[in-house]
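Those protein sequences? They're chains R and W, same order as listed. Count along the first sequence from 1, then add 2; that gives the number in the working numbering. Count along the second sequence from 1, then add 2; that gives the number in the working numbering.
Check the hints yourself; a few may be wrong.
As the list makes no split between identical chains, a pair holds if one copy fits it or if it spans any two.
[Unchecked claim] Only pairs whose alpha carbons sit at most 20 Å apart, straight line, appear in this in silico DMTMM-like list of lysine to aspartate or glutamate:
(1) K22 <-> E104
(2) K211 <-> D251
(3) K196 <-> D208
(4) K196 <-> D98
(5) K128 <-> E199
(6) K196 <-> E117
(7) K268 <-> E209
(8) K101 <-> D133
(9) K211 <-> E233
(10) K230 <-> D133
(11) K36 <-> E199
Since the hints were derived computationally from the structure, they do not count as laboratory data.
Protein chains: 2
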Amino acid sequence: MKNVTLLLAFLAAASGVAAKIVTKPVAYEHGGVKLEGYLAYDDTKASAAAKAPGVVVLPEWWGLTEYPKSRAEQLAKLGYVAFAVDMYGAGVVTGDPKKAGELAGQFYGRPLMAERAAAGLTQLVKSGLVDEKRVAAIGYCFGGATVQALAYSGAPLAGIVSFHGSLIPASAEAAAKNQAKFLVCHGAVDPFIKPEELAAFSKSMDEGKFDYQFVSYAGAIHAFSNPKADEIAKAAGLVGGVGYHAAADRRSWEHMRSFFAEIFAKK
Amino acid sequence: MKNVTLLLAFLAAASGVAAKIVTKPVAYEHGGVKLEGYLAYDDTKASAAAKAPGVVVLPEWWGLTEYPKSRAEQLAKLGYVAFAVDMYGAGVVTGDPKKAGELAGQFYGRPLMAERAAAGLTQLVKSGLVDEKRVAAIGYCFGGATVQALAYSGAPLAGIVSFHGSLIPASAEAAAKNQAKFLVCHGAVDPFIKPEELAAFSKSMDEGKFDYQFVSYAGAIHAFSNPKADEIAKAAGLVGGVGYHAAADRRSWEHMRSFFAEIFAKK
Numbered sequence: 003m004k005n006v007t008l009l010l011a012f013l014a015a016a017s018g019v020a021a022k023i024v025t026k027p028v029a030y031e032h033g034g035v036k037l038e039g040y041l042a043y044d045d046t047k048a049s050a051a052a053k054a055p056g057v058v059v060l061p062e063w064w065g066l067t068e069y070p071k072s073r074a075e076q077l078a079k080l081g082y083v084a085f086a087v088d089m090y091g092a093g094v095v096t097g098d099p100k101k102a103g104e105l106a107g108q109f110y111g112r113p114l115m116a117e118r119a120a121a122g123l124t125q126l127v128k129s130g131l132v133d134e135k136r137v138a139a140i141g142y143c144f145g146g147a148t149v150q151a152l153a154y155s156g157a158p159l160a161g162i163v164s165f166h167g168s169l170i171p172a173s174a175e176a177a178a179k180n181q182a183k184f185l186v187c188h189g190a191v192d193p194f195i196k197p198e199e200l201a202a203f204s205k206s207m208d209e210g211k212f213d214y215q216f217v218s219y220a221g222a223i224h225a226f227s228n229p230k231a232d233e234i235a236k237a238a239g240l241v242g243g244v245g246y247h248a249a250a251d252r253r254s255w256e257h258m259r260s261f262f263a264e265i266f267a268k269k
Numbered sequence: 003m004k005n006v007t008l009l010l011a012f013l014a015a016a017s018g019v020a021a022k023i024v025t026k027p028v029a030y031e032h033g034g035v036k037l038e039g040y041l042a043y044d045d046t047k048a049s050a051a052a053k054a055p056g057v058v059v060l061p062e063w064w065g066l067t068e069y070p071k072s073r074a075e076q077l078a079k080l081g082y083v084a085f086a087v088d089m090y091g092a093g094v095v096t097g098d099p100k101k102a103g104e105l106a107g108q109f110y111g112r113p114l115m116a117e118r119a120a121a122g123l124t125q126l127v128k129s130g131l132v133d134e135k136r137v138a139a140i141g142y143c144f145g146g147a148t149v150q151a152l153a154y155s156g157a158p159l160a161g162i163v164s165f166h167g168s169l170i171p172a173s174a175e176a177a178a179k180n181q182a183k184f185l186v187c188h189g190a191v192d193p194f195i196k197p198e199e200l201a202a203f204s205k206s207m208d209e210g211k212f213d214y215q216f217v218s219y220a221g222a223i224h225a226f227s228n229p230k231a232d233e234i235a236k237a238a239g240l241v242g243g244v245g246y247h248a249a250a251d252r253r254s255w256e257h258m259r260s261f262f263a264e265i266f267a268k269k
């Protein structure tokens, strides 16, 4: 009987039958701005008594839409404690590229980018469910750039993953502060990243002795991981250069998973 | 009792306890040259009744040394039928870069490169253990270039993996013939691959609409996957640019595994 129970428990764990995903909005504040992030975890896999690795999710320039929240839920299903970060302010989302450019524009090249992201990281850890030695950050488009900036600021991250992110070359100061391994998932034909930007980024990674992996996915353009990229782009009046790519989405997620298996392995 | 047996069977399969790797030299001939390849498989995972995916392994320019044979054995442990290909002739191996350059030099830019590799592919299939719809080719250095040439010739491959291979840009004819998905594992600071070679290769992949993934591994140089690269280079009098890189080795192997999971998935 004991073995039957064991077998059933094993099968339940393997198939995820017992998983229960808890999600909740989390109100916090940074620099006088009221923010609202989104916490997700599986309460059979993460608790105060049995802490799990944690991952912050940094949104596209549209703000904290359903998309980064859905990624937080997917991460929760993998057993991680995930926190989708609010960069703009509670409820501030847009589908207008001009507005999105303004919202994201306040961060590029300023310490605020890393600081606002770090405020989200603090909320993740404050959940009390996270093993602080095993924390990573992932981000999409603008959020991909944001996780680079967060790593460059010296945040205590085991790793970052940038999905079709803008690329910020690392300064020597950033290289000295950085603690994170990098996985950069790039659309091979993304027209928003110029070859010279790519070259400058790679050069800074090599010169700064970063531990990075840079993956180019054939046929993939900007926002390749977002299943709604095409309709969002159409509604926004963006023509070309933005779109979903199922193979690149699946492959980059798989690469993230094996990256996490490496960086979250207990020493 | 039945459940105990089930559980034990599961544990044995999961831990690989029951695995038995069969290896054997295989004599064959191509273009008047007597060749000897190396077949490896797990006879609990591949048989005439239960065919498995097959993988040919194309050696470095040193010839069919222990290194590609050890990779064939590793592939066998993963459940694949592997065949390490002989490109030069039975027993022809060298540690002398001048000699190796001459041996490899007879193939570059000539149909013989793909033809000699295809002769190995034929031997793999002739084992009678391989599901012919699920065949891939992997190669190292010179062998990385060889698997590209093999794909360009229109060989019936689900995919190829090039590890620190020389890069051969695809012609329009190659793009029309190619059936394989590509995974290219590249040392980010490999001094033997010039930036312009890399750019020409990527351009040809994009223009030819190849389904490829190109991964750059930080800090990795030429031959990064070969644990004996340093001692081989030293013995050969090669100074700099060649060496083992444990993280890139581990990561590229893992990427190969997830690539195989994709291309060998039953439709």
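So, going through the hints one by one against the coordinates:
{"no.": "1", "hint": "K22 <-> E104", "result": "neither (38 Å within a copy, 62 Å between copies)"}
{"no.": "2", "hint": "K211 <-> D251", "result": "between (28 Å within a copy, 18 Å between copies)"}
{"no.": "3", "hint": "K196 <-> D208", "result": "both (19 Å within a copy, 15 Å between copies)"}
{"no.": "4", "hint": "K196 <-> D98", "result": "neither (23 Å within a copy, 42 Å between copies)"}
{"no.": "5", "hint": "K128 <-> E199", "result": "neither (36 Å within a copy, 49 Å between copies)"}
{"no.": "6", "hint": "K196 <-> E117", "result": "neither (27 Å within a copy, 39 Å between copies)"}
{"no.": "7", "hint": "K268 <-> E209", "result": "neither (29 Å within a copy, 43 Å between copies)"}
{"no.": "8", "hint": "K101 <-> D133", "result": "neither (37 Å within a copy, 54 Å between copies)"}
{"no.": "9", "hint": "K211 <-> E233", "result": "neither (40 Å within a copy, 24 Å between copies)"}
{"no.": "10", "hint": "K230 <-> D133", "result": "neither (33 Å within a copy, 37 Å between copies)"}
{"no.": "11", "hint": "K36 <-> E199", "result": "neither (34 Å within a copy, 51 Å between copies)"}
Of the hints listed earlier, those the structure fails to meet are numbers 1, 4, 5, 6, 7, 8, 9, 10, 11, in rising order.
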